[in-house]
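Trainee: Below, each chain spelled out in residue letters.
Protein chains: 2
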Amino acid sequence: MAWHVFIPDSLLEETDDPKIRTYKVGQVARACAIFGVEHIWIYRAGGRDGKFIKTVLEYMETPQYLRKRLFPLMPELRYVGVVPPLRTPHHKLKGKPKVGEIREGYAFRKGRKIYADIGLDELAIVEGNIEGRATFRVVSTRPLKVVPAKPVEYWGYRVHLSGKPLAKTLKKAHLDLAIATSRKGRDVRKVNLPPLEGEVGIAFGSPRKGVMELLGGEYEFDFVLNTIPNQKTKTVRTEEALLATLAIFNLIRRD
Amino acid sequence: MAWHVFIPDSLLEETDDPKIRTYKVGQVARACAIFGVEHIWIYRAGGRDGKFIKTVLEYMETPQYLRKRLFPLMPELRYVGVVPPLRTPHHKLKGKPKVGEIREGYAFRKGRKIYADIGLDELAIVEGNIEGRATFRVVSTRPLKVVPAKPVEYWGYRVHLSGKPLAKTLKKAHLDLAIATSRKGRDVRKVNLPPLEGEVGIAFGSPRKGVMELLGGEYEFDFVLNTIPNQKTKTVRTEEALLATLAIFNLIRRD
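Chains as they are written, first to last, in the working numbering: chain Z, 20 to 274; chain H, 20 to 274.
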C-alpha cells in the first residue's frame, strides 16, 4: 500500500517567525518519513505558503549530496539548517561503491556520455538514456557504472502542490480509501477499518478550520475519524495530528 | 490513573538555536497536555538543560494571567513567544465570574485578608488559609469570593527536575506500571498490556542514547516496547517518540 497525506497551504497561518515556520514544515517531513508516507498533497485552503511548504519538504527529501545541484539559493531555504535530517534509507552516506547497491542520483549529459552524481567521490557512467534526478543501481565499480533501477526500500515522498481545494485534490489522488481526521469524527477505536490496501489517503484540516468545514461537501470520505479521543487541549495542530495519526495507523497496517 | 513521562536533561543536546530549543520544549509540553499527562520527570543524562526545560515547561503550564506574577524576567524565557499555548481546561479566559466555576489562582495576604488573582477583573476574597498558587472554586460573585478546591478536569502537569539518573528517578516516582520505549523493545502490537491503573510511567531515551543504555541495569521495567515498529528513519527524536507513544497509549487507556 501507499500513504497519501493531505495538508492545507494554511498550515503556517498562525506562525510568523520564519525559523519556526521552517521548523514546522520540518516536523511534517519528519513525521511522513518516520512512517513511510509516499505522497504529500498540499491543498488550497486560503493560505499563502503552498510553495514555501513544497520547497522545504522537497529540500528535506533530497539526499544531502544532491541538494546543491537541485536547489539554487532561495529565500525559502534560508533557515533550513534548523530542521533535523530525515535519515531515510535513500539518504546514503559516502562510502566505497558496492555492486548491487541502489543510490539516488542526478544524471546529466557530458559530451556523448551520461554521467550521474550518486554521492560518491567519482561520477558514475549511466548505462541507459535518462537525465535529471533518478534512482540507480551500481552494476560495476571499476569503472563505476550504474543503470536506472527501482528502489526496494522506503525511498522518500513526492510532494504535490495541487493548487485546488481539498475535494478536488482528493479526486486527483485516485484513492482506494479516503480517511478524514476530525475532532468530530468517530472514535477510531470503535470503527472496523477494512484492510489498508492500495492508495490510502488521510486528510488533515488547517489551524483554523476542520477538514469537514474545508471540504464543502463535494467529496465523500470512507471514514471520518477522531484519532485523538478525549483530547485535553482545545485544539490539536496539524503537525501534531499528523504525527499522532500516522503513529496509530502504523500499528493498523499489515504489510 | 495518572501518566508520568520521563525525559532526559539532554533532550536538546543536538539543538543549538535558542529559539528552536524553546520550541522543542514547547512540543513536549503540547504533547503532554493533549494527552493529559500529570507528571513530567526530567532525569539526569549528561545534559545541561534540566533547569531550562523545567522553566519553559512550567511557564507553559501556568495560565497566562498568572505568568507575570510567577515568572520574573529571565533569559530562559526569552523566546517563549514562539511556543503555542496549551489551551487546557485550566487556562481559563477572562469573563464574568460564575458561582461553582473552578479557576487556577494566586493567593496573597493583603492587610488582614487573603486575596486571589483568578484571572478576572477584580481580585477574589479567599475563604480559607492558603497562599501562593492554588486552585479555587467561586462561591459568590458579589462580593467575589473563592474557596480552595480540587480540579475536576485535566489541570495541567507538574514538572520534577530529579537531579538523578533515570533508574533513581523512576524509583522516586513509585510507579504501578513502568514502561520503557525503545527501538529494540517488543512490538507494542504483540504485547498484552495489563489495564492501565494507578501511576503509569513511560520513559524516553535521549537523542544519542536509548533508554536501556541510560538505565545501567538498576531498574526493572514491566515492559520495554517499540511503539514505532518498522520506522523508516534511522532515529526518532524524543519529542517525536513522546507524541507518537502517547497517541497510542491514549487509545489503550480505558478510564
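One or more of the hints may lead you astray.
For chains that are exact copies, the list does not tell them apart, and a pair is met inside one copy or across any two.
[To be verified] Keeping only pairs whose Cα atoms sit at most 20 Å apart, straight-line, the calculated EDC-like set for lysine to aspartate or glutamate is:
#1 K38 / E95
#2 K190 / D140
#3 K73 / D136
#4 K117 / D241
#5 K111 / E77
#6 K253 / E77
Please keep in mind that the hints were generated in silico from the structure rather than gathered at the bench. Being a predicted model, the structure only gives us computed values, none of them experimental.
Trainee: For every hint, state whether the structure bears it out.
Mentor: Structure-based check of each hint:
no.: 1; hint: K38 / E95; result: both (10 Å within a copy, 18 Å between copies)
no.: 2; hint: K190 / D140; result: neither (44 Å within a copy, 52 Å between copies)
no.: 3; hint: K73 / D136; result: neither (24 Å within a copy, 46 Å between copies)
no.: 4; hint: K117 / D241; result: neither (46 Å within a copy, 43 Å between copies)
no.: 5; hint: K111 / E77; result: within (17 Å within a copy, 40 Å between copies)
no.: 6; hint: K253 / E77; result: between (32 Å within a copy, 19 Å between copies)
Checked against the numbered hints listed earlier, the structure breaks hints 2, 3, 4; every other hint is satisfied.
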